[in-house]
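Novice: Be aware that the sequence shown starts at 0, since it is given in numbering that gives the first Met the number 0, and climbs by one per residue.
It is worth saying that the hints were derived from the structure and are not from the lab. Treat the hints with caution; some may be incorrect.
[Said to hold, decoys possible] Just the calculated beta-carbon pair ranges, DEER-fashion:
#: 1; residue 1: LEU343; residue 2: ASP232; range: 46 to 52 angstroms
#: 2; residue 1: GLY182; residue 2: LEU400; range: 52 to 58 angstroms
#: 3; residue 1: CYS241; residue 2: SER125; range: 19 to 25 angstroms
#: 4; residue 1: THR302; residue 2: LEU343; range: 46 to 52 angstroms
#: 5; residue 1: TYR357; residue 2: THR302; range: 19 to 25 angstroms
#: 6; residue 1: LEU336; residue 2: TRP368; range: 39 to 45 angstroms
#: 7; residue 1: LEU207; residue 2: THR313; range: 24 to 30 angstroms
#: 8; residue 1: PRO512; residue 2: ILE473; range: 56 to 62 angstroms
A quick note: this is a predicted structure, and the numbers were derived from the prediction, not measured. Backbone N, C-alpha and C define an ideal beta-carbon position, used for all residues, glycine too.
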Amino acid sequence: MILRAAYILLASLCISTAIAQTSDVGGDPAPTSVAANKHSDSSAECQKCHDAGKRPANYESVRSWLNSRHAAEGVTCIDCHLKKDLQSPDYYAAITAEKQADAHAAMVEKPGSKKNKAYFINVCGSCHEDRLTEFKDSVHGLANTQGETPSVSCIDCHDPHAAPLVSSKSSKLYRGSDVKTCGRCHKDARNSYMQTFHGKQFHLGNTLAPTCIYCHRGHELPTDDPASFIHADNVGGLCAGCHGEAVSAGLGADAILIQNLSQDSTRKITHFRDPVAAGPFSIAALINSTYLSMIIGIVGFFTLLSTRDYIKKTKDNAAIDSDRKKSVKRFSLSWRLQHFFWALSFIILAATGLSLKYPESVLSEAAVWLSGGEEMRSVIHRIAAIVFMLLAVIHLLPYLLKLKPPGKIFLSKKDLIDAFLHTSYLFGRTDKMPLMYRYTWYQKVEYWATVIGGFIVISTGLVMWNFSPLASQIPVEIVFYAQLIHGWEAILAVLVIFVQHFYHVFLNPDVFPMDKSWLTGRTNLTVMKHDHPLELMEIESKEGKSDEK
């Protein structure tokens, strides 16, 4: 009797144990043994559907996860995906479903949805607790802490499958990749960055150009937080990290540098602000409007003159061939060498400089490629600038020291009269060309425009070249204005040279296909009779006196 009771008790205990093992706390039925096996080896099971070549097109491959830090540290698929639903039978039904539409019935809405973002913030934060605290205090996480649904989560900026370090080249936030990653949401900031010196350098392939991650952190505090790196009181020290030497908040030039870089104008350097948006009477807007007016007026005027000159000469010149075979000596070897190297340096400066101003242009990309990359483009530009400055000194110093007479290059009252008469002649208001000497009025204008424009581009270029030392002595905003002026002056010079100087050297019917005087020093009689009759008379007079002797 006692033995029978013991058997009954033992059987009851076994049955109750089996029932307990096949039910959860809530009393729901347990998953099948097949599902239990999937639970124990979920990553392998996920791989059956999500591996390359097998997965649906809109799901990621598990291959990147297999080589990730997460996989190496034992983080499996179920540690992040549907973690709260693991005990639900619906989950096991979902992962064993034959149809893709039913495969993720337990997913927390759709990937990328706001509810999903909040879910993954908590999932990532369960392991990365310190980073979660930073994130919640950041501009990205503030909405989450204030009870609002966040618009961005960890997986928007970090790849949870590859899980690389931020310093890894495969990271979404690695130098260069961060511009694309951040730019998906911050489109305006990306566009304004790409218009700055930093952004243009990056676009042309300079791997050392500062990108988003240099100055901003994904877990950055709001700008108005005193602890933020980009707070008005701190941004100077951040910039000085690259632009200063032995930077500290102590004494001397570094303290002044930090103070200058902390000005609001610094943002004009790091993120371009449209001068028009700053107001019609802002300095930047005035610079833009002034140069735009000059380009329209000056370039338009000389384009009209060149066009009218071409039309006039093609109609009137009948005896070009005979006179073009004869020539007179006008320019010395010294003058020709100066002109050659000055022209060469100007062309190189224009090609390498405008490629930085308009980096998205196909011609700019070609110029950078021919230069051997963005770093070499920058070096070549500076070398050409040095040559340009040396030639300016060589050319002007003898005149400044009064070692050489000024000659006939200075503008005079006669040039104003010649300009009026010449313009009237080209537009058919008079039948007579003014009698001009060695240099025509437009050649003098072009010469002095080169001198004045050269001084402007040299001075503004030196300001940009020596940004770091100057930033400890002058407001940073001056560098922004120098950059604007430098670019506009270069555009003006290139356009004037193209429509005026290149026309008279290459397209002028009197010299076509090219005026060889810059090579030989000799000018043909057609040009002399038309543009320099007074000088021709002087040369012939001297030759006549020479023959008499």
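Novice: Is the distance from the Cβ of LEU207 to the Cβ of THR313 consistent with 24 to 30 angstroms?
Specialist: violated (53 angstroms)
Novice: Holds or violated: the 19 to 25 angstroms window for the beta-carbon distance between TYR357 and THR302?
Specialist: holds (21 angstroms)
Novice: Go ahead and decide if the range 56 to 62 angstroms is satisfied by the Cβ distance of PRO512 to ILE473.
Specialist: violated (49 angstroms)
Novice: Check the following: the C-beta atoms of GLY182 and LEU400 are separated by a distance inside 52 to 58 angstroms.
Specialist: holds (55 angstroms)
Novice: Indicate whether the distance between the beta carbons of THR302 and LEU343 respects the range 46 to 52 angstroms.
Specialist: Taking Cβ atoms as reference, THR302 and LEU343 lie about 25 angstroms apart, which means the hint is violated.
Novice: Between CYS241 and SER125, is the Cβ distance one that fits in 19 to 25 angstroms?
Specialist: violated (37 angstroms)
Novice: Verify the CB-CB distance for LEU343 and ASP232 against the hinted window 46 to 52 angstroms.
Specialist: holds (48 angstroms)
Novice: Evaluate the given range 39 to 45 angstroms for the C-beta pair formed by LEU336 and TRP368.
Specialist: violated (30 angstroms)
The structure shown violates the earlier hints numbered 3, 4, 6, 7 and 8.
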